[in-house]
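There are 2 protein chains.
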Amino acid sequence: MSEYSFTTTHTVPGTFARAGVIQTPHGSIQTPVFTVGGTKATVKTLTPEMVKDLGGQTILANTYHLMLRPGADIVEKAGGLAKFMHWDGPTFTDSGGFQVFSLGVAYKKGIDAVAHTEKGKADNAKASAKQLAKVDDEGVTFRSHLDGQTLRMTPESSMQLQWQIGADIHMAFDECTSPLASAAYLRESLDRTHAWAKRCVIEHERIWKEHKKAGKPYQALWGVVQGARDEKLRRESAQFMASLNLDGFGIGGVFQPEEIPETVRWVVEELPDDKPRHLLGMGNQVSDLFLGVEYGIDTFDCIAFTRQARNGGLYTATGRINITNAKFKDDFTPIDSQCACYTCKNYTRAYINHLFKSNEMLAYTLASIHNEYFVVNLVDRIRESIIDGSFLEFKKTYLATYFGKPFTL
Amino acid sequence: MSEYSFTTTHTVPGTFARAGVIQTPHGSIQTPVFTVGGTKATVKTLTPEMVKDLGGQTILANTYHLMLRPGADIVEKAGGLAKFMHWDGPTFTDSGGFQVFSLGVAYKKGIDAVAHTEKGKADNAKASAKQLAKVDDEGVTFRSHLDGQTLRMTPESSMQLQWQIGADIHMAFDECTSPLASAAYLRESLDRTHAWAKRCVIEHERIWKEHKKAGKPYQALWGVVQGARDEKLRRESAQFMASLNLDGFGIGGVFQPEEIPETVRWVVEELPDDKPRHLLGMGNQVSDLFLGVEYGIDTFDCIAFTRQARNGGLYTATGRINITNAKFKDDFTPIDSQCACYTCKNYTRAYINHLFKSNEMLAYTLASIHNEYFVVNLVDRIRESIIDGSFLEFKKTYLATYFGKPFTL
Numbered sequence: 031m032s033e034y035s036f037t038t039t040h041t042v043p044g045t046f047a048r049a050g051v052i053q054t055p056h057g058s059i060q061t062p063v064f065t066v067g068g069t070k071a072t073v074k075t076l077t078p079e080m081v082k083d084l085g086g087q088t089i090l091a092n093t094y095h096l097m098l099r100p101g102a103d104i105v106e107k108a109g110g111l112a113k114f115m116h117w118d119g120p121t122f123t124d125s126g127g128f129q130v131f132s133l134g135v136a137y138k139k140g141i142d143a144v145a146h147t148e149k150g151k152a153d154n155a156k157a158s159a160k161q162l163a164k165v166d167d168e169g170v171t172f173r174s175h176l177d178g179q180t181l182r183m184t185p186e187s188s189m190q191l192q193w194q195i196g197a198d199i200h201m202a203f204d205e206c207t208s209p210l211a212s213a214a215y216l217r218e219s220l221d222r223t224h225a226w227a228k229r230c231v232i233e234h235e236r237i238w239k240e241h242k243k244a245g246k247p248y249q250a251l252w253g254v255v256q257g258a259r260d261e262k263l264r265r266e267s268a269q270f271m272a273s274l275n276l277d278g279f280g281i282g283g284v285f286q287p288e289e290i291p292e293t294v295r296w297v298v299e300e301l302p303d304d305k306p307r308h309l310l311g312m313g314n315q316v317s318d319l320f321l322g323v324e325y326g327i328d329t330f331d332c333i334a335f336t337r338q339a340r341n342g343g344l345y346t347a348t349g350r351i352n353i354t355n356a357k358f359k360d361d362f363t364p365i366d367s368q369c370a371c372y373t374c375k376n377y378t379r380a381y382i383n384h385l386f387k388s389n390e391m392l393a394y395t396l397a398s399i400h401n402e403y404f405v406v407n408l409v410d411r412i413r414e415s416i417i418d419g420s421f422l423e424f425k426k427t428y429l430a431t432y433f434g435k436p437f438t439l
Numbered sequence: 031m032s033e034y035s036f037t038t039t040h041t042v043p044g045t046f047a048r049a050g051v052i053q054t055p056h057g058s059i060q061t062p063v064f065t066v067g068g069t070k071a072t073v074k075t076l077t078p079e080m081v082k083d084l085g086g087q088t089i090l091a092n093t094y095h096l097m098l099r100p101g102a103d104i105v106e107k108a109g110g111l112a113k114f115m116h117w118d119g120p121t122f123t124d125s126g127g128f129q130v131f132s133l134g135v136a137y138k139k140g141i142d143a144v145a146h147t148e149k150g151k152a153d154n155a156k157a158s159a160k161q162l163a164k165v166d167d168e169g170v171t172f173r174s175h176l177d178g179q180t181l182r183m184t185p186e187s188s189m190q191l192q193w194q195i196g197a198d199i200h201m202a203f204d205e206c207t208s209p210l211a212s213a214a215y216l217r218e219s220l221d222r223t224h225a226w227a228k229r230c231v232i233e234h235e236r237i238w239k240e241h242k243k244a245g246k247p248y249q250a251l252w253g254v255v256q257g258a259r260d261e262k263l264r265r266e267s268a269q270f271m272a273s274l275n276l277d278g279f280g281i282g283g284v285f286q287p288e289e290i291p292e293t294v295r296w297v298v299e300e301l302p303d304d305k306p307r308h309l310l311g312m313g314n315q316v317s318d319l320f321l322g323v324e325y326g327i328d329t330f331d332c333i334a335f336t337r338q339a340r341n342g343g344l345y346t347a348t349g350r351i352n353i354t355n356a357k358f359k360d361d362f363t364p365i366d367s368q369c370a371c372y373t374c375k376n377y378t379r380a381y382i383n384h385l386f387k388s389n390e391m392l393a394y395t396l397a398s399i400h401n402e403y404f405v406v407n408l409v410d411r412i413r414e415s416i417i418d419g420s421f422l423e424f425k426k427t428y429l430a431t432y433f434g435k436p437f438t439l
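Chains A and B are the protein sequences, given in the same order. If you count the first sequence from 1, position 131 lands on 161 in our numbering, and the numbers rise without skipping. If you count the second sequence from 1, position 110 lands on 140 in our numbering, and the numbers rise without skipping.
The set of hints was computed from the structure by calculation and includes no laboratory data. The reader is advised that the hints may include incorrect statements.
Since the list gives no way to pick one copy over another, a pair counts as held whenever it fits inside one copy or between any two copies.
Below, simulated SDA-like cross-link-like pairs (lysine to any residue); rule was C-alpha separation at most 20 angstroms, straight line [claimed, not checked]: (1) LYS359 - PRO55; (2) LYS359 - ASN376; (3) LYS387 - HIS95; (4) LYS82 - ILE333; (5) LYS375 - ALA430; (6) LYS246 - GLN194.
Let's have the full structure, built from the sequences with the hints guiding it.
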């Protein structure tokens, strides 16, 4: 069983892009990498063999969801997250912070990425009426979205839960603020996130000592940089996280594609080069993957690709199609003739259209395989382009084909 | 590409049980066999590779469902049922007769297996109010359960549709009557089923000549024996079907386990030994498989096993369990420790319980793999017991363990 480590193997001059390897007790991860979403200890509609087959290297589950069901104790008794879900590879857990907030008080403050749209405002108003969560300096009190039970999460309990769940890489418990929060609230919230990160490190080290004594492998802790759209706060937050004994970093609260170049750069310029960086909860834009990598991101997660798949929204090299459209009823070509995924190798648009129209569950499986392969494979190709020196050229040609016009960010 | 044939390789003295091989243009089927349900050209929640992996040899789809969606013409243009659904093996289609009736007029006459129960009566009354189907000597007029469109099915159109869908084995279009129908109605209905079978054979031969000229492979036609619980009618029906140019036989309208020994025997005694026999739409009783084989059945179909799987009802060697039960939350053993299916080799009851509680689609996939393996594998073991001469002993010990007491039928 190998220890945790990160090594950079290739860089792209004039950018922050790099290729590398994260070593974990459950195996290595070639970066940049798209982590496959496994929120509730399952990748929706897919077996772990399907995830391997489509190129998935690592799965990201969620502490909030697993503490509610089946309970972190059940996952621990099962032998940890990977064993519980029959996944033979590295795993991440998100801290649960975002979910604790996004299902409660944070909505009121507009954490939702679409808070500035009319629908976002309506959703926030609705969520706010429920008042599911309340933050104080000690932690967060919230109500379970499953049964309304009042629960508490603190930096310490998040660490304890994550060690129980047993992923290879944990995230520190943070407060994710809205891009629209007031300057005063951002300041207050960032101070809290920093104080919590410190407490996370202390609790993490305490638990690690116990585990070490028991002969158990290390589980890494990554801190989360916040600071919304404020350069000063972002740099301060990155510097603070860099000063702590952390194994890597998440960058939270970056919601819009056009924010990536600037916001990620501020952070990456302050972080040490010898630790990996994760862009937390990116959008569903293909361009975000290129921009993230260009500005120094090593790992990504996003559940939008598979969610869109379940709604029939399928990615191709020239943009997205909706497979439920009547014009595909007698289209006997694959979703994307350039795609080498299991679905495209074996099924036609006509068949997948039929499965969707018939509400057959295999529709969701085949569509999820395709979209997840699309994004995992795209990040793989980005990694290869870093290694062979063609990254910027690949970005240019790929995105021009995808959007049907030059991409300028 | 091999022609259609059936060969018996082993028999069990003192019973009608036999092992054999059905040869089709898409490969051979070792009998007795459980045909996997693929009603709408998909085995619910499973990829064809999963079906192969669990031991599935052949898939049975439904003409009624496929004519409505996506349309038999689409399946034909795709290259036929097997190619459309990416199944590399033999296929059956049911004629659509049962579905045409069961969604309409037949309900009024009590075709439902539970028509004699209070719930069955209520269901029938409800269905009857809708008047979805009307039978005459020429065919059946019915309304689509999808969009209410009025449609017509005749013996000829059923044959045309089945040749378009292109399964290796077709079923003749018949009228399935209730076990509670009057003697007069049974007589009238049986005469109609016989006249229809004759017309099916004529139309089948006409289409085959066209296909042969075009160099296309043969598709077999099996006739369906009806006659409810009446020995005279059953024997007459079997004799009539035996007199036609048919490639095999279905036995329809046998609904209760305790009817199998007698009813199937009446029919099998009249049918030629050199053609295979299918028990249409058996129940979900494990004992039915043994009884069917004992009285001469070669092929079975039943969608109840996978439907139960999707509701959490899972088969074990000692009976059925419901995996959603709270007691399985921390049970880290497989569904059935004697089972060698993919699910039992890789997942615990606790994990599957978690997936069901979380409404995760993988729950249905893992449960369906298990139940379908259970029944497919059981029929495989029955075949092996015929070959090695232990059939009756296997029946006795297996069912005594399953029911927890000796089985006496």
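Taking the hints in turn, this is what the structure says about them:
1. LYS359 - PRO55: neither (47 angstroms within a copy, 27 angstroms between copies)
2. LYS359 - ASN376: within (17 angstroms within a copy, 37 angstroms between copies)
3. LYS387 - HIS95: This pair counts as between: shortest inter-copy Cα distance 12 angstroms, intra-copy 31 angstroms.
4. LYS82 - ILE333: within (17 angstroms within a copy, 31 angstroms between copies)
5. LYS375 - ALA430: Close neither inside one copy (25 angstroms) nor across copies (47 angstroms); limit 20 angstroms.
6. LYS246 - GLN194: within (12 angstroms within a copy, 61 angstroms between copies)
Of the numbered hints stated above, those contradicted by the structure are hints 1 and 5, listed in ascending order.
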